[in-house]
Every structure is written in C-alpha cells, then in structure tokens.
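Following the hints, put chain B in place on chain A, whose structure we already have.
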Amino acid sequence: RKEVEQDPGPFNVPEGATVAFNCTYSNSASQSFFWYRQDCRKEPKLLMSVYSSGNEDGRFTAQLNRASQYISLLIRDSKLSDSATYLCVVNRGYSGAGSYQLTFGKGTKLSVIP
Amino acid sequence: NAGVTQTPKFQVLKTGQSMTLQCAQDMNHNSMYWYRQDPGMGLRLIYYSASEGTTDKGEVPNGYNVSRLNKREFSLRLESAAPSQTSVYFCASRPDSNAGTGVTFGSGTRLTVV
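Heads up: the sequence lines are chains A and B, in that order. The first sequence finishes on residue 104 if you use the numbering used here, and the numbering steps up by one all the way, no holes. The second sequence finishes on residue 115 if you use the numbering used here, and the numbering steps up by one all the way, no holes.
Chain A on its own, in the form it takes in the complex (with noise of 0.2 Å):
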C-alpha cells in the first residue's frame, strides 16, 4: 500500500455541485494530516489542517477517520476558482528523522465547468 494515496481524477463538476475526495494513508502513527491546492504552474498552498473532529472552512469540509485510515475533503457550491488539484498531506508520527517528513499525495485534479 502507497503511503498516501488519492484518485487521480480528474473530477469534472458543474458549478454549485457538491464534491468530495479521500485520500488513505498507510502509517498508522502519522499525527497531522492536511489539504493543500495546487494551480496550475504554481506551488501548493495549505487549503486546511485536518482534526479529527472535523473542522469546516466556509464551503470546504475536512473529515479524518484513524480507524479507516483515511481523510476526506468536502467541497459545497463548487465556484470557477476551486479548479486546481487538490494533494492531501500526512505527517510521520513515529521518532526519529521520519517524524521530520511530510508525506504528499499525487493530488487529485478538479475541473469545475461552467
């Protein structure tokens, strides 16, 4: 098993449609875990930290189930600008160098058409 692993896609919604990606990791001592967006030819931006609560940021939601060993990220009312790829992010949780390292998924691409 990949040590984070998302669906590629691409995702292709129409705008003000609902959409969710998950992402599992295989490190059952990884601690942190995050959603970053990419754009196209840019470097990717920290879109939110995941808790295992689940936290919401105005349209997007962050899921993380330990259990399962997998993260989640909800996007409601898709606008034209959350077309980007989306990477999901875990932190090594065990000592040593490893708990240095962020672990970054190969993203999933979303295309919101109008």
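Read the hints as simulated data drawn from the structure, not as lab findings. Treat the hints with caution; some may be incorrect.
Short, incomplete list of chain A residues facing chain B, as computed with Cβ under 7 Å [as the list claims (entries may be wrong)]:
no., residue
1, Ser22
2, Glu33
3, Pro34
4, Phe94
5, Lys96
Here chain A is said to cover these stretches of chain B; the calculated rule only asks that three of the stretch's residues, wherever they fall, bring their Cβ under 8 Å from a Cβ of chain A [unchecked claim]:
no., segment
6, 35 to 44
7, 101 to 108
Across the chosen pairs, the derived CB separations fall in these ranges [to be verified]:
no., chain 1, residue 1, chain 2, residue 2, range
8, B, Thr21, A, Ser18, 32 to 42 Å
9, B, Thr6, A, Glu(-7), 23 to 33 Å
10, B, Val115, A, Gly48, 37 to 47 Å
11, A, Ser58, B, Met20, 40 to 50 Å
12, B, Asp27, A, Asp29, 17 to 27 Å
13, A, Asn12, B, Thr102, 20 to 30 Å
14, A, Glu46, B, Lys15, 43 to 53 Å
C-beta atoms are modelled at their ideal positions from N, C-alpha and C, and glycine is treated no differently.
Chain B only, in chain A's frame:
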C-alpha cells in the same frame, strides 16, 4: 513578509553543468525542505534541514547536495546535472519539524537539463 523566496525561477542547464538553487525564508522558521515535482510522481523530498546546522536525506537525494547556510537560507546544489533532474524544484519551510503545521512553499524553480 515575502515568505519563501527561491531563485532563479527558470534555468536551462547542459548535461554535466553545475548550479545552486537558492532559498530564503523570512518567517523565522527552523525547518526547511527541498522537494522536486514531476508529472505523475507528485512531490518528493530531496533533502531537509530540521534546524540550523543539521541536514538529512529525503526520498531522492542522489545527485544533490544541500547547505543550511544560516537559519534563513537553505541551498540545493546540482554538481553535475543530468536530464533526469529536469523538474520543478520547490523549497519549503515550517516553524519546526514536529509542529502540527504544514509547510509554506516558495514559487518554485523550473529546471531543464538538456
């Protein structure tokens, strides 16, 4: 605040040439990272520096060297460039290596080795 600044933004090298990619952050972060991003491969960690004075190998360190010059600056050197090193290189930083925070990326260097 400028955040994370990378230079140059674009570079074309001939096989066998050497060059240094520069990175500086003004956020007083302890930890700094170098990633490369290739189509279909996602972001892969080359080297990182958990704190000033320390550096460690990441997932794909071969062909690269790094220097943590001071707390602000972390450079990546290609001693003898190869076509396989054609990629987009991102420098990133975060407050410290165990923090539950994501990293902040620079805008990237697009490197082509011919």
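Structure-based check of all given hints:
no. : hint                           : result
1   : Ser22                          : 4 Å, holds
2   : Glu33                          : 4 Å, holds
3   : Pro34                          : 6 Å, holds
4   : Phe94                          : 4 Å, holds
5   : Lys96                          : 4 Å, holds
6   : 35 to 44                       : holds (count 5)
7   : 101 to 108                     : holds (count 8)
8   : B/Thr21 x A/Ser18: 32 to 42 Å  : 39 Å, holds
9   : B/Thr6 x A/Glu(-7): 23 to 33 Å : 30 Å, holds
10  : B/Val115 x A/Gly48: 37 to 47 Å : 45 Å, holds
11  : A/Ser58 x B/Met20: 40 to 50 Å  : 45 Å, holds
12  : B/Asp27 x A/Asp29: 17 to 27 Å  : 23 Å, holds
13  : A/Asn12 x B/Thr102: 20 to 30 Å : 23 Å, holds
14  : A/Glu46 x B/Lys15: 43 to 53 Å  : 51 Å, holds
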